[in-house]
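K.L.:
My request is simple: use the sequences and hints to build the entire structure.
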Amino acid sequence: MRSIDLAFAGVSIGAIAALSGIGLLVTYRTNGVLNIAQGGIAALVAYVFRAMVVDWQLPLPVAALLSLAVVSPLIGIVLERFVFRPLARRRASAAESLVASLGVLVLTVGMTAGIWGLGSRNDAPSLFPERTVGLPGGSRIGVDALAELALVVAVCVTLGLITTRTRFGRQVRAVVDDRRLAELSAIPADRVAAAGWAVGTILAGFTGILLAPRLQLTPYGLTLLVLETFAVVVAARLASLPGAVLTALAIGILQSELSQFQVTGEFSALYLAVQSNLFVAALLVLLLVLPRLRELGGDAGSTGRFSSRGAPQTYRASLTEQRRDVLGKLAGAVLLAAPLTFAPINLRDAFIVPALALIFLSLVIVTGYSGQISLGVAGYAGLGALLSAKLADGDLFGLPALPALAAPLVGALLVAPVGLLTGYPAIRRRGLALALTTFAVGAVMSRFVFQQQTFVSGLHVAPLSVAGHTLSDRWFYVVELLCLGLGLLVVRNLHEGRLGRALLAVRDHPEGAAAVGVDVRNLKLLSFTVSAAVAGLGGALLMLSYASFDADAFSPLNSLLWFTAVVVFGADSAAGAVVAAGFIVTIDTLAPAGSATLAVGILALSLGWLPGGLASAVRHLVTRLGHRIVEDLTEPGRAGLAGTGAGAARAAAATSVSPAAYRQPAGDGGSPVLTPFGEALLARVRQVLHTSGRTQ
Amino acid sequence: MSRAELTGRGLARRYGGLTAVDNVDITVAPGKVTGLIGPNGAGKSTLFSLLTGVEKPDSGKVFLGGRNITRMHPDVRARHGLVQTFQVPSLFTSMTVMDNLLVGAENRRRDYIGGLLGRTPHGSTRTRRVMTRTLESLNLTGIADTTTGTLPTGALRLVELARALCTRPDVLLLDEPASGLDGQETERLSGLLRRVAGEGVGILLVDHDVELVFSVTDQVYAMVGGRIVAEGTPAAVREDPTVRAVYLAQGPLA
Ligand SMILES: Nc1ncnc2c1ncn2[C@@H]1O[C@H](COP(=O)(O)OP(=O)(O)OP(=O)(O)O)[C@@H](O)[C@H]1O
Ligand SMILES: [Mg+2]
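Residue numbers (the UniProt record's numbering), protein chains in the order written: chain F, 1 to 696; chain G, 1 to 254.
To be clear, the hints were calculated from the coordinates, so they are not data collected in a lab.
Possibly wrong hints are sitting among the right ones.
Computed Cβ-Cβ distance ranges for the label pairs, DEER-style [said to hold, decoys possible]: (1) Gly149/G to Arg180/F: 25 to 33 Å; (2) Phe397/F to Val76/G: 32 to 40 Å; (3) Tyr15/G to Glu183/F: 27 to 35 Å.
The structure displayed is predicted, hence computed values, not measured ones.
Each residue gets a CB set at the ideal place from its N, CA and C atoms; glycine is no exception.
P.N.:
Here is the structure:
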């Protein structure tokens, strides 16, 4: 009776997924927030539990009680009180809630990684004894599976009884119906919301603790696994509890049953991949085939939600603004070029900055400019990396090996059609459905391509070379900067000029844009396509920076982290994207693992409290720093570049032939006085910008 | 120049139990101003949505220049020359008036690759000329560089109209363009509509200012409860007993 045994084995994983699904549903129904952070919270609680049992030697029941009855609900209550209640109070958009829960996810993952490290552990204790019991008919079932199943039933029955039989239940239903109306009729909506969060995080805790012993425990791995159980709530359309439970059990059992068949030949790898990643596959398939996932709508990710700054500055910017702009760009360029003077070891760290900046730019295109959530960018980046490696190897569709320098570019171009293809389902979706679909696409790429031996085994990542000479580190960094420049150019053309206006129009008022002929659907496809190519280029550079193809570098979880970082630093700001990349890499190099993740999480949550978020402060700081550097470079009195003093410089500036606009006298609040060299340089830059701005 | 005629045949749209548009036949002739009047909730805006494709009809067809466009998306229809303004102005609020007009002017043709390479569309001087002229004719030149998010409703309507005009439409559907305008502005609007129609554009005008509708139109449809209850010249519709009854119930019909 192998099938029955397998079914019992599958029940276990199914029941865990069901618990996760119930948790998500309860939080969603009581708060209207799809708790993307579920995975992070689950991992955090699992690590706490493990630490209590293994490190502190607490008895198992005590540890279980502490982590599930104290730590877990506390997390939920704190989150409700300090993150989501303020958002609900000021009627924040669903998009903001989504970013907040992404922030929590990033924060919790960062905490776990920061405290316990990124290394894998296999000493996670099991909550239930690892024994099996016999059943009538001769089959055996694990005690854990029985206990988990009982737990699911108990949770369902309790929830059902509470909602139908108690006063509190009636209050819950009232709040679920209409929170504001409920509040008006003196129902303590906040308490209901907090209870919803507490139940959600307790169940997340169970999920984490129960899953942990089944795998090599890593913060990323466990988080991801829990995220994949989102398939369950998608199948339940975020509404039906029994639907979620049944789907979870069905997928669990099916996964287990599939393992008894041996498929040989061409499709064996695919079969194995499907079998071992059934939840991810189900997530994507469900999102693609379920018609009208209206419940997943909300206004999350509807156009324009992630943009803070509005229209690009066109030709009407005042001279002072232009001057600032030029200074800012110059400062950025100087900062980016600075690593060229670093020692080799530090230069290597800096490799990652332009690569990451390109990936972030791709998000600026699709999220900032086109107003669509994209939680799968790591997929495109990884694909770009993989394709460029194979192109350089001459290992792709029998194509001849490309010159190493061309491979990343061609690889990136090959990602574009994939972006186009995946863009099709995306343009028909909005809000959470779009968020989950893009996430699922990235997750499927990771599980079915990057982690498959068929595609990545024997992959050889050769350093870039020109005419047989391997590029030195410095020259590689220069190549990276050129690629980044290319990306910035594309982004600029998408932001300014006709396309930029059209995209902004769609973001501002989609119906109005359509009414005057703006091709909304194809514009969105275009931004998906271009964004995929830019991400692909970034991915290829990232791989070259690491000098190897690492599936973990393109983990779906990174998509979430990167998306959050981009939103935090201003989704529609190209400069923000570059700053974000610099920020993350700097912190990751200077501080222990997980710090950058932690920092991004904190910044994301600060969006809820501070207008514009902490990030705008950070951005400001970086701009100031940049200006200082420019000052140092341009004012000899400070840096001693030339023999003239500041006074002489000022005199020279006053008589130089540069445009009068730059001879701003004192009173312009501490703006630097430029040397003749600086003046000439600025004038030249301005001229170039000016003429290119004029051509539109 | 002969432009396209817009016709709706047997159009119907239901919302749950409510039939908002009920088997409506309507024709917007080129070079003519056609009026559509009716009390609140008559289904005028819904009919607009069916004609421009914002909503799909439950039954019926829409033709533009003899071509069946019932299954086209709104933006495709717009690129074919069928352009509307909305009852609630649909401006791009983070952009200036000028940029709003530019979006209208430059999206009849698509050129993505050119856009990505930073190339500007051809004939941009002509585009600029059209825009400047439109701004002048609506007396908007003074606010050309103002961000539309900061404008009052009356101005918003005019800007939306200007944006629609900049697309160089064949058929223009205007949903209450005069609401929020003062007398002088309404007068200018009425002159502009005549002039635009004189260039061969077909205009369908919905407005609660019946005086404006009757004075500026060549043909009027009256709609009540989703049905067309009267059609003909302004004078004929004004005298129609059903129309009189409906409007008398609401107030005097001038
Ligand atoms: N999306 C919708 N869902 C449900 N009912 C709708 C919808 N849109 C319109 N209706 C209903 O259809 C009817 C017609 O509405 P419509 O807006 O077309 O009227 P109207 O003639 O434009 O009125 P007004 O002069 O007030 O603008 C109304 O009863 C309205 O409530
Ligand atoms: Mg209306």
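K.L.:
Work down the list of hints and note, for each, if the structure agrees.
P.N.:
Hint by hint, here is what the structure shows:
no. : hint                             : result
1   : Gly149/G to Arg180/F: 25 to 33 Å : holds, 27 Å
2   : Phe397/F to Val76/G: 32 to 40 Å  : holds, 36 Å
3   : Tyr15/G to Glu183/F: 27 to 35 Å  : holds, 30 Å
Of the numbered hints stated above, none is contradicted by the structure.
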